[in-house]
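Protein chains: 2
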Amino acid sequence: MLGLMQKQALSVSSLIDFAETHHGDVEIVSRRIEGDIHRSTWAQIASRSRQVANALDQWKIGQGARVATLAWNGYRHLELYFGVSSSGRVIHTLNPRLHPDQIVWIANHAEDEVMCFDMTFLPIAKQIHARCTTVKHWVALCDADQLPADSGIPGLISYENWVSQQATSYVWPQLDENTASCMCYTSGTTGNPKAALYSHRSTVLHAYACALPDVMCLSARDTILPVVPMFHVSAWGIPYSAAMVGAKLVFPGAALDGKSIYELLETEKVTLAAGVPTVWQMLLGHLGANGLRFNHLKRTVIGGSACPPAMIHAFNDQYGVEVLHAWGMTELSPLGTLCTLKNKHLDLPEDEKMKIRLKQGRAIFGIDFKIVDDHGKEQAHDGKAYGDLLVKGPWVIQEYFKQEGPSPLVDGWFPTGDVATVDADGYMQITDRSKDVIKSGGEWISSIDVENIAMAHPDVLMAACIGMPHPKWDERPIVVVVAKPGKTLVREEVLKFYDGKIAKWQIPDDAVFVEAIPIGATGKMLKTKLREMLSAYQLPA
Amino acid sequence: MLGLMQKQALSVSSLIDFAETHHGDVEIVSRRIEGDIHRSTWAQIASRSRQVANALDQWKIGQGARVATLAWNGYRHLELYFGVSSSGRVIHTLNPRLHPDQIVWIANHAEDEVMCFDMTFLPIAKQIHARCTTVKHWVALCDADQLPADSGIPGLISYENWVSQQATSYVWPQLDENTASCMCYTSGTTGNPKAALYSHRSTVLHAYACALPDVMCLSARDTILPVVPMFHVSAWGIPYSAAMVGAKLVFPGAALDGKSIYELLETEKVTLAAGVPTVWQMLLGHLGANGLRFNHLKRTVIGGSACPPAMIHAFNDQYGVEVLHAWGMTELSPLGTLCTLKNKHLDLPEDEKMKIRLKQGRAIFGIDFKIVDDHGKEQAHDGKAYGDLLVKGPWVIQEYFKQEGPSPLVDGWFPTGDVATVDADGYMQITDRSKDVIKSGGEWISSIDVENIAMAHPDVLMAACIGMPHPKWDERPIVVVVAKPGKTLVREEVLKFYDGKIAKWQIPDDAVFVEAIPIGATGKMLKTKLREMLSAYQLPA
Numbered sequence: 001m002l003g004l005m006q007k008q009a010l011s012v013s014s015l016i017d018f019a020e021t022h023h024g025d026v027e028i029v030s031r032r033i034e035g036d037i038h039r040s041t042w043a044q045i046a047s048r049s050r051q052v053a054n055a056l057d058q059w060k061i062g063q064g065a066r067v068a069t070l071a072w073n074g075y076r077h078l079e080l081y082f083g084v085s086s087s088g089r090v091i092h093t094l095n096p097r098l099h100p101d102q103i104v105w106i107a108n109h110a111e112d113e114v115m116c117f118d119m120t121f122l123p124i125a126k127q128i129h130a131r132c133t134t135v136k137h138w139v140a141l142c143d144a145d146q147l148p149a150d151s152g153i154p155g156l157i158s159y160e161n162w163v164s165q166q167a168t169s170y171v172w173p174q175l176d177e178n179t180a181s182c183m184c185y186t187s188g189t190t191g192n193p194k195a196a197l198y199s200h201r202s203t204v205l206h207a208y209a210c211a212l213p214d215v216m217c218l219s220a221r222d223t224i225l226p227v228v229p230m231f232h233v234s235a236w237g238i239p240y241s242a243a244m245v246g247a248k249l250v251f252p253g254a255a256l257d258g259k260s261i262y263e264l265l266e267t268e269k270v271t272l273a274a275g276v277p278t279v280w281q282m283l284l285g286h287l288g289a290n291g292l293r294f295n296h297l298k299r300t301v302i303g304g305s306a307c308p309p310a311m312i313h314a315f316n317d318q319y320g321v322e323v324l325h326a327w328g329m330t331e332l333s334p335l336g337t338l339c340t341l342k343n344k345h346l347d348l349p350e351d352e353k354m355k356i357r358l359k360q361g362r363a364i365f366g367i368d369f370k371i372v373d374d375h376g377k378e379q380a381h382d383g384k385a386y387g388d389l390l391v392k393g394p395w396v397i398q399e400y401f402k403q404e405g406p407s408p409l410v411d412g413w414f415p416t417g418d419v420a421t422v423d424a425d426g427y428m429q430i431t432d433r434s435k436d437v438i439k440s441g442g443e444w445i446s447s448i449d450v451e452n453i454a455m456a457h458p459d460v461l462m463a464a465c466i467g468m469p470h471p472k473w474d475e476r477p478i479v480v481v482v483a484k485p486g487k488t489l490v491r492e493e494v495l496k497f498y499d500g501k502i503a504k505w506q507i508p509d510d511a512v513f514v515e516a517i518p519i520g521a522t523g524k525m526l527k528t529k530l531r532e533m534l535s536a537y538q539l540p541a
Numbered sequence: 001m002l003g004l005m006q007k008q009a010l011s012v013s014s015l016i017d018f019a020e021t022h023h024g025d026v027e028i029v030s031r032r033i034e035g036d037i038h039r040s041t042w043a044q045i046a047s048r049s050r051q052v053a054n055a056l057d058q059w060k061i062g063q064g065a066r067v068a069t070l071a072w073n074g075y076r077h078l079e080l081y082f083g084v085s086s087s088g089r090v091i092h093t094l095n096p097r098l099h100p101d102q103i104v105w106i107a108n109h110a111e112d113e114v115m116c117f118d119m120t121f122l123p124i125a126k127q128i129h130a131r132c133t134t135v136k137h138w139v140a141l142c143d144a145d146q147l148p149a150d151s152g153i154p155g156l157i158s159y160e161n162w163v164s165q166q167a168t169s170y171v172w173p174q175l176d177e178n179t180a181s182c183m184c185y186t187s188g189t190t191g192n193p194k195a196a197l198y199s200h201r202s203t204v205l206h207a208y209a210c211a212l213p214d215v216m217c218l219s220a221r222d223t224i225l226p227v228v229p230m231f232h233v234s235a236w237g238i239p240y241s242a243a244m245v246g247a248k249l250v251f252p253g254a255a256l257d258g259k260s261i262y263e264l265l266e267t268e269k270v271t272l273a274a275g276v277p278t279v280w281q282m283l284l285g286h287l288g289a290n291g292l293r294f295n296h297l298k299r300t301v302i303g304g305s306a307c308p309p310a311m312i313h314a315f316n317d318q319y320g321v322e323v324l325h326a327w328g329m330t331e332l333s334p335l336g337t338l339c340t341l342k343n344k345h346l347d348l349p350e351d352e353k354m355k356i357r358l359k360q361g362r363a364i365f366g367i368d369f370k371i372v373d374d375h376g377k378e379q380a381h382d383g384k385a386y387g388d389l390l391v392k393g394p395w396v397i398q399e400y401f402k403q404e405g406p407s408p409l410v411d412g413w414f415p416t417g418d419v420a421t422v423d424a425d426g427y428m429q430i431t432d433r434s435k436d437v438i439k440s441g442g443e444w445i446s447s448i449d450v451e452n453i454a455m456a457h458p459d460v461l462m463a464a465c466i467g468m469p470h471p472k473w474d475e476r477p478i479v480v481v482v483a484k485p486g487k488t489l490v491r492e493e494v495l496k497f498y499d500g501k502i503a504k505w506q507i508p509d510d511a512v513f514v515e516a517i518p519i520g521a522t523g524k525m526l527k528t529k530l531r532e533m534l535s536a537y538q539l540p541a
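Protein chains in written order, with our numbering: chain A, 1 to 541; chain B, 1 to 541.
Certain hints may be false.
Note: identical chains are not told apart, hence a pair may lie in one copy or across any two.
Claimed, not checked - Taking lysine-lysine and the DSSO-like style, the derived pairs with C-alpha atoms no more than 30 Å apart in a straight line are:
{"id": "1", "residue 1": "Lys370", "residue 2": "Lys402"}
{"id": "2", "residue 1": "Lys298", "residue 2": "Lys269"}
{"id": "3", "residue 1": "Lys435", "residue 2": "Lys496"}
{"id": "4", "residue 1": "Lys355", "residue 2": "Lys298"}
{"id": "5", "residue 1": "Lys472", "residue 2": "Lys529"}
Hints listed in this document are in silico derivations from the structure and should not be mistaken for laboratory results.
Bear in mind that the values here come from a model prediction, so they are computed numbers and not experimental data.
Let the hints inform the model, and build the full structure from the sequences given.
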């Protein structure tokens, strides 16, 4: 017997309609690539998103067609988010940090029909436009008078010219909630990139979940600065959750340095910021160097890669900012777990609480996870047994766009490629990427554990641990270190720093110093590249 | 083009599975009708809900069959909530405060097949069992040794006897998310009762929404005491939201007096309590009389009927407890709006904040509302224009169970029967039930406004405003007052109390004193009955 409730589809359009109706005067503040601060509101974003829809109609862009962006976090990008998806097209956020050849490959694979780019990325657009064979229209996200006369891109139009003359009224189509709304390619380090194709349903369910008190705790009292880019997994879904709760949004544009971010946090009274550890490292560096404090920031979501304990300590102990350690991936929309304390933890001493905060956290309702060994056998939730992390849920992919070969799922579960433990309270901790785990004498060494210890050394800026072939133990770990500017480190000092912090056999065999560790397009360390850099390296005898 | 996300149905079973897996050790505390305190956990509730499912299987209770309860808030009721719905049956919560004849009518209309009742309601069960023609099994929610030998109900079995011998394992069926999960009849004051038939989808979406920071703000750090009964609109969905976030639940059983509730709030360290104004009146009375304070309670959700301003003041100013004023109805699962402040309100002076808290609040994402005049024309959101309140959304009914006659919807909108204003910030305020509005000389007078002023008088325990026929003005308001115990009030004093607080023509023509105002089965004043009581009344000349 079916229930007798209204059949209202979950939709991205209902998010922007809601924000306009109930939070129309709430500000959307953007630092533009020109450097100035632009102020908009949810009502204006909504109105202009309807202009985007009319503009797409005028070009006869069909339902389900992909509209791509190469853009920073800003109001025009937000208008595209809502205008493109709400009108039944698919917004495809391209990562401008990828190699132009890769962008071409992705745009062609996605069959993008419109390409909207920030002027920062004009050089990329010039380089790729002739090769993006499906793109019919190129749009520069700028005013008409900023459009270069000689871009070399035929038919290039400015966004303002394209959009601002359109009618501000539009009747959103009634879409099946499983209709595709957004597309994002993973920046795989091996093989061709693969796309997750999110639906209106998955986007709205993820938005509900992300706003929960045990997740990002988003409300109409929040001002949110997503440092995490809108070109990467929808800035962790923050634009959607913010519309759902009527929060103010502050967009940093291209200025991701510590000083620029700090300025925005203070002047716009930001209560919550979200980003990857590498960006926070720059911000904390700026605060430390200038003796600054946060006057409004209450909490920060850190994800994308495991947050070094030293960073959690700095935010929590030095600056009184709660760190919400998160874990997710492109295939999960992206959030899977987030670390908040349970009632039973509230009276624990501070150092015990910190041990919990170091973990990636508890499953968000909607996400199921399990850890399994090589034979698929579930491992105990004791905080010690580790295994491959598998997930399922309504905002986890079923398959990739244009899936080739067999389903990525294993008995309905998506294998994350992460290795994790889960404790008795359900807190998951990533011990490694399965491909980064170091297998030494039949035992596994977590590269993340080794890195975190090095990162706690006062003179270390960055550290990466990789396995090196060893005749007896199969692999042995080494730590690759970047010293802080002006600091000198010696091998023995780094290795001695591990004494008592880790089992003897887990201590790296060597410390190697480099100028920089290669970082990928989403801010993660590229260990494949690091291994290439060290291809001639030999372990000490 | 469809998205490529996993097709995971929203389900009640996923809520109890989640609570068991991630919050298994969190307590469920119940005051039993025997008076003692019973302690269970989410893991035990989950295990026993699977035993309920096996027990229903053994009786060959089919998919979609209704399993009815006549029960207080307690662990066994919670087990039935999850065991009945998760296994594909429909839990039908009957209101034991209704007249037995009405209960019979409802049980027959619902075609209930199993009837589970608390021993408090044995007298009702005895009275009705012979007339409940579809009920095949009667279950007393007690231990085997508490079962009366001579109940007079053939085949009566104790819950523990029925359930505890069953296997604790059960594979929940994979249900279409639109499958019916729960049924609740409205206690209409006119006509036959009508049932809302909730689905798994509506229940889970409502649970997400209710847990949001701008709604009840529920987390794994909360201990929740739902005073609002589980027999009335699923205790506002709290059992489902609590499972979703892993909160501790404290159930008051039959002891709803101020002293008993206060004891539970303190000993179980309750952070959030939810209920109707009449119950809070008793609680505040107990605190005042005994000079007590709350040591743990942080916020209280008040709904069911408009909360008198004096009560919001008392909680907020005297006791430091945040009041979350809510509005909803059976047809809305039930929550539609909840009153929390926006960012822009945080720096307002306290009295300005209070003006906002008196309103029923903002729409929860998922719910759309509008106010319309008699011709269906939308009214301005200016906080002054009022109109009939209409709603729609995925947890609003499409029609009633066994709907007779035309759809209750008007162009897809459900007419709530409430009259409301909406201000520019989207805060809705109920000015009246449309049937209670007093129409005086072509103008409307809000009976709630008139009542709230009387309720602010220190000697008034309760007040009701009703319209009386008037030859010139059509209707004129009178206020019906119950004085506090030991207090005496005179007519002139009550009427003088309105001076300056309301327009002259809105001041009641008379104040009438009664011993008690009739209260309905869900704690609301029964104005129809009050009008009957005063059928011989004449307005002063």
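Hint-by-hint comparison with the structure:
Only within a single protomer do Lys370 and Lys402 lie at most 30 Å apart by alpha-carbon distance; the minimum there is 27 Å, versus 43 Å between protomers. When the C-alpha separation of Lys298 and Lys269 is checked against a cutoff of 30 Å, the pair qualifies both within a copy, at 10 Å, and between copies, at 26 Å. In this assembly of identical chains, the alpha carbons of Lys435 and Lys496 lie at most 30 Å apart only when taken from the same copy (27 Å versus 81 Å across copies). For a Cα distance limit of 30 Å, the shortest separation of Lys355 from Lys298 qualifies both inside one copy, at 20 Å, and across copies, at 27 Å.
In this assembly of identical chains, Lys472 and Lys529 lie within 30 Å of each other by CA distance solely inside one copy; the values are 25 Å within and 90 Å between copies.
Violation of the numbered hints given earlier is absent; every hint is satisfied by the structure.
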